[in-house]
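**Student:** Residue numbers (the UniProt record's numbering), protein chains in the order written: chain A, 1 to 236; chain B, 1 to 435.
Possibly wrong hints are sitting among the right ones.
Here are the computed lysine-lysine pairs in the DSS-like style, where the Cα-Cα straight-line distance is at most 30 Å [stated by the list, open to error]:
1) A:156 x A:195
2) A:78 x A:202
3) B:274 x B:286
4) A:51 x A:101
5) B:205 x A:202
6) B:286 x A:206
7) B:76 x A:58
8) A:51 x B:274
9) A:78 x B:217
10) A:78 x B:203
No wet-lab data here; the hints were simulated from the structure.
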Amino acid sequence: MASLDRVKVLVLGDSGVGKSSLVHLLCQNQVLGNPSWTVGCSVDVRLHDYKEGTPEEKTYYIELWDVGGSVGSASSVKSTRAVFYNSVNGIILVHDLTNKKSSQNLYRWSLEALNRDLVPTGVLVTNGDYDREQFADNQIPLLVIGTKLDQIHETKRHEVLTRTAFLAEDFNAEEINLDCTNLRCLAAGSSNAVKLSRFFDKVIEKRYFLREGNQIPGFPDRKRFGGGPLKSLHYD
Amino acid sequence: MSFLIDSSIMITSQILFFGFGWLFFMRQLFKDYEVRQYVVQVIFSVTFAFSCTMFELIIFEILKVLNSSSRYFHWKMNLCVILLILVFMVPFYIGYFIVSNIRLLHKQRLLFSCLLWLTFMYFFWKLGDPFPILSPKHGILSIEQLISRVGVIGVTLMALLSGFGAVNCPYTYMSYFLRNVTDADILALERRLLQTMDMIISKKKRMAMTRRTMFQKGEVHNKPSGFWGMIKSVTTSIPGSEMPDLTLIQQEVDALEELSRQLFLETADLYATKERIEYSKTFKGKYFNFLGYFFSIYCVWKIFMATINIVFDRVGKTDPVTRGIEITVNYLGIQFDVKFWSQHISFILVGIIIVTSIRGLLITLTKGMYFVSSVLLIRMSMPLEYRTIITEVLGELQFNFYHRWFDVIFLVSALSSILFLYLAHKQAPEKHMAP
């Protein structure tokens, strides 16, 4: 049934920031009624029209892999999670606007997914010192989404949004701030929907179109025992 | 004058403990999460501070530091405060937070949390009836009543935990029990996991595609709700021939998702076992392995003693360490002030057990009860001379009863955890044999 091409996007973030609600909103166009803890990984699929409105319009499947857990997990859990990070085409980083630590942890999440391990100390690097070069040569498109916008009081909104703008800049990514319980945030035509669409287009381009023109190698597979058989398993 | 000095010493140490508890809370327990409610942190630190002060008072009593009357006063005061916090504030806040998490009752949070608290108090009181702790001399709201109830709950919990810990500790540390995990096992399991994920994805793709074509055809996607809805969807099967398919596929997807969760947990388990195997090959690992053997012997001895105590209806007067030292000394014929040393050693051992268990328990909120009950049990381990002051403060409580109760619960929990671990151990290798 997979007559359409597919693209794999990871959804990463701390526990409880709202990844499952976000994925549900993106894929089912409905608000998730009873969110519960995600154990392991839950996947959902969204149909996306690449280059919508033009004659080259084509529909793709976008698989959103919602990986549960926290950055401070035991290394056994991290090794298990690593199996989901193979051949990723895009990453959505989700953080909670009301919780600063979740924003800081996004650096560790992105490094974990991109296979460049941070030194395992408890010290988090803050915005200013961060080495942007690590993300400059990154081929995988990133998108930063901040959730629970409705829980931020009007007066604090400006300060929070400035902070998240810096965050997105560090990742060299676009950012969207929304409330996962409100369908109107991603209504067609709104700026959020446009940004989302652009992000998915970029992911699809990098995966399918740049290969032919420019021989940029895909995401380097993680060096694991038997990386070969695993890779062939995923591409049908 | 000496009273003032003593009080100031006590208060300084309390502030120190408070600060320590605060730091511990922030660094260890909640390293990766942000705690928004500062109330929780404050309560935690206060409880921690007072519990440590009680412990400190015990030490002072043994070492005979500070004036006797001021010690007595501080004992009483500490006990009152701790009981106040335990019985009044902590349940109230627990109830409050639980209620505020339920969205329905958000508006009348305060009212419902008061109700919850009253229910808790009622059950707390009722707890006292079947146990022989009511002595007719004291009134209802006296300290002894509260302590006895708290003591019962605490002793039960502690016995449960000790029983489980006594069995779990040797199981974890001894490499004898470690299953052999090879890389091939892990790889096979991961492959299954990815296959399951792919199956889930292909089913979801079908659903998404079906939904889109239906939407484009202009049909309203009405979820069959309730009994009549389902019957309707069956009868209108021809135009809506894709609808029943969707619910069927959804059920398949749910089953597959459950399977993927199981596989994920199993893989994580395998990785953890593999790490432990590697760890046990290092020096540190070997050292812990050795300790594990020792500790497991101690645990087996405790279980044995508990059984004997119950069967022969005897109250443990001396603990194993003292007996062990007595036997050793008699055997070796050394001139040894047994009483002096055994008291210190058993005291240190009890302290170690408490500290290591405290670390585990600091994460739960029953710490306060645990502490009061451990005071009661320390009393059993200490030789007779030092029991006077504690008895004076805590009033007439039936200590024998507590010890018996502890033994029973300890035995029950140890046996059930042995059974549980045995089943888990047996089940695991079978799962991996299956293709």
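**Student:** Below or equal to 30 Å on CA atoms is what counts here, so check residue 78 of chain A against residue 202 of chain A.
**Tutor:** holds, 28 Å
**Student:** Tell me if the straight-line CA distance from residue 156 of chain A to residue 195 of chain A falls inside 30 Å.
**Tutor:** holds, 24 Å
**Student:** Mind checking the alpha carbons of residue 78 of chain A and residue 217 of chain B for me, to see if they're no more than 30 Å apart?
**Tutor:** violated, 45 Å
**Student:** Need the status of pair residue 78 of chain A, residue 203 of chain B: alpha-carbon distance at most 30 Å?
**Tutor:** Since the Cα atoms of residue 78 of chain A and residue 203 of chain B sit roughly 27 Å apart, the hinted pair holds (cutoff 30 Å).
**Student:** Within 30 Å, alpha carbon to alpha carbon, are residue 51 of chain A and residue 101 of chain A?
**Tutor:** Between residue 51 of chain A and residue 101 of chain A the Cα gap is close to 37 Å, so the pair fails against 30 Å, i.e. violated.
**Student:** If you draw a straight line from the CA of residue 51 of chain A to the CA of residue 274 of chain B, is it 30 Å or shorter?
**Tutor:** The hint is violated at about 48 Å.
**Student:** Between residue 205 of chain B and residue 202 of chain A, is the straight-line Cα distance small enough, at 30 Å or below?
**Tutor:** At roughly 21 Å apart (the allowed maximum being 30 Å), residue 202 of chain A and residue 205 of chain B satisfy the hint.
**Student:** Please verify whether residue 76 of chain B and residue 58 of chain A have alpha carbons no more than 30 Å apart.
**Tutor:** violated, 78 Å
**Student:** If you draw a straight line from the CA of residue 274 of chain B to the CA of residue 286 of chain B, is it 30 Å or shorter?
**Tutor:** holds, 16 Å
**Student:** Has the given pair, residue 286 of chain B with residue 206 of chain A, been kept, meaning a C-alpha gap of at most 30 Å?
**Tutor:** violated, 51 Å
Against the hints set out earlier in the document, violations occur for numbers 4, 6, 7, 8, 9.
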